[in-house]
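Given the structure of chain U, go ahead and fit chain D onto it with the hints provided.
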Amino acid sequence: MKDFVQKGTKIICIGRNYAKHAAELGNQVPSEPFYFIKPTTCYVENGGDIIYHKITKNLHHELELGVVVGRKMSRVPKEDVMAHVAGYCISNDVTCRDLQEKCKSERKPWSISKCLDTHCAVGPFIPASELSHNNIEMVLKVNGEVRQSTNTKNMLFDVPTLLEYVNRHITLLPGDLVQTGTPEGVGPMHVGDIVTLSIPGVSEASFKIIDDC
Amino acid sequence: QSTGSSGINAEYGDFVRAGSKIVCVGRNYAKHAKELGNALPTKPLLFTKPTTCYVTNGGKVKYPTITNDLHYEVELGVVIGKRASQVPIEEIMNHVAGYAISVDITCRDIQEDCKKERSPWTMAKCLDTFCPVGEFIPSERIDPLNTEVLLKVNNELKQHGNTKDMIFSVPTLIEYINRHITLLPGDLVLTGTPEGVGPLQRGDEIYAAIPGVTEATFTVE
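Just so you know, the sequences run in chain order U and D.
Going by my numbering, the first residue of the first sequence is number 1, and it counts up by one from there.
Going by my numbering, the first residue of the second sequence is number 1001, and it counts up by one from there.
Heads up, a few of these hints could be off.
Straight-line Cα separation of at most 30 Å, DSS-like style, residue types lysine-lysine; simulated pairs [as the list claims (entries may be wrong)]:
no., chain 1, residue 1, chain 2, residue 2
1, U, Lys104, D, Lys1031
2, U, Lys2, D, Lys1082
3, U, Lys102, U, Lys54
4, D, Lys1116, U, Lys57
Heads up, incomplete: computed chain D residues facing chain U, CB under 8 Å, no partners named [unchecked claim]:
no., residue
5, Ser1020
6, Leu1046
7, Trp1121
8, Leu1127
In case anyone wonders, no lab produced these hints; they're calculated from the structure.
Ideal Cβ positions, reconstructed from N, Cα and C, are used throughout, including at glycine.
Only chain U is shown next, with the shape it has when bound in the complex (with noise of 0.2 Å):
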């Protein structure tokens, strides 16, 4: 599934899966998972810009594990749901976090704060074999300085506890894509800013912020 960019039909995205971000934005823990949609035109591929957008003043990074969906998944139980997986991405789950802030205060949906063009920025694919979904590390940097970092078995509800609770009532089908959360140090990102995502010694991907014209 290394084409899961062109191949995939949607992006689900969990809310609130490490306990220090959920506290840093003055969230609760959540006591199932939850999620939202972001649309495949969000897509951008490594070495790519990141747009920031003009309607929003403040653009945040996430860095989260991207989850590769291999074959379709409906109401698949939690002990099969591993065998439905293609593999891995590292990704940055892009927010207009100012949009985000008053959709919550005005309580609306979210889509205006995380779906637009080129919010969702991935690295390449990585088999399935070459990690294991509850301890894998990751680093976001942006012009070099790490600003996120931390390891999936961090994550309140692991992978297959995911996938599983999203397969219940939404079918995945292959070459989408399940973002599993940000760990604390979201933060803002700047036009000309180079972030750059990683999974140390596996996976590097990196983007250049730049303006809306």
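Relative to the frame of chain U, chain D by itself:
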């Protein structure tokens, strides 16, 4: 992929298979905003549904176990025919291939919880079978500024509106969306629902139509 002389991608007819997403507009009819106790929006309210929501004419809408208040919302769907990104309003309708009568299925109770908790509307709007749609109708058959949409449940009329009552017109909506979210051939835009939304029960038959143009039926199971 073939394109016509207008540059419109001819896969739009099979939009359910060809499209990449469904972009939905909320609170676009004043009386519907009022019936749910919502303020009128100053800008279009957007959310998205994935394509796994699609059900075609004759198909079944699944009543999920997690809700006790599944609602219908009849909407005019707009099918994109040509890629649109930052296209200005005077040209935007050149990117529309046609229309489809659509129903935005909603878990009303879950939506209320999402609003209280200030969380995304995903579980209220995005579940499998939550976007029943009729056939593709070419654009020349519809005036988006003056189109009737109606919905019946078990043969009883529930919603009967006209797009002329929209707060934001179809061209305004599509231009607004395409400023920051690229629309691709086959993508569907749901343009809001008139007043009269209400609950469905398992076994109900939903009939959605643009009178004289198109109709579609779905059953709830």
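Hints versus structure:
| no. | hint | result |
| --- | --- | --- |
| 1 | U:Lys104 / D:Lys1031 | holds, 24 Å |
| 2 | U:Lys2 / D:Lys1082 | holds, 27 Å |
| 3 | U:Lys102 / U:Lys54 | holds, 16 Å |
| 4 | D:Lys1116 / U:Lys57 | holds, 26 Å |
| 5 | Ser1020 | holds, 5 Å |
| 6 | Leu1046 | holds, 5 Å |
| 7 | Trp1121 | holds, 5 Å |
| 8 | Leu1127 | holds, 4 Å |
Checked against the numbered hints listed earlier, the structure breaks none of them; every hint is satisfied.
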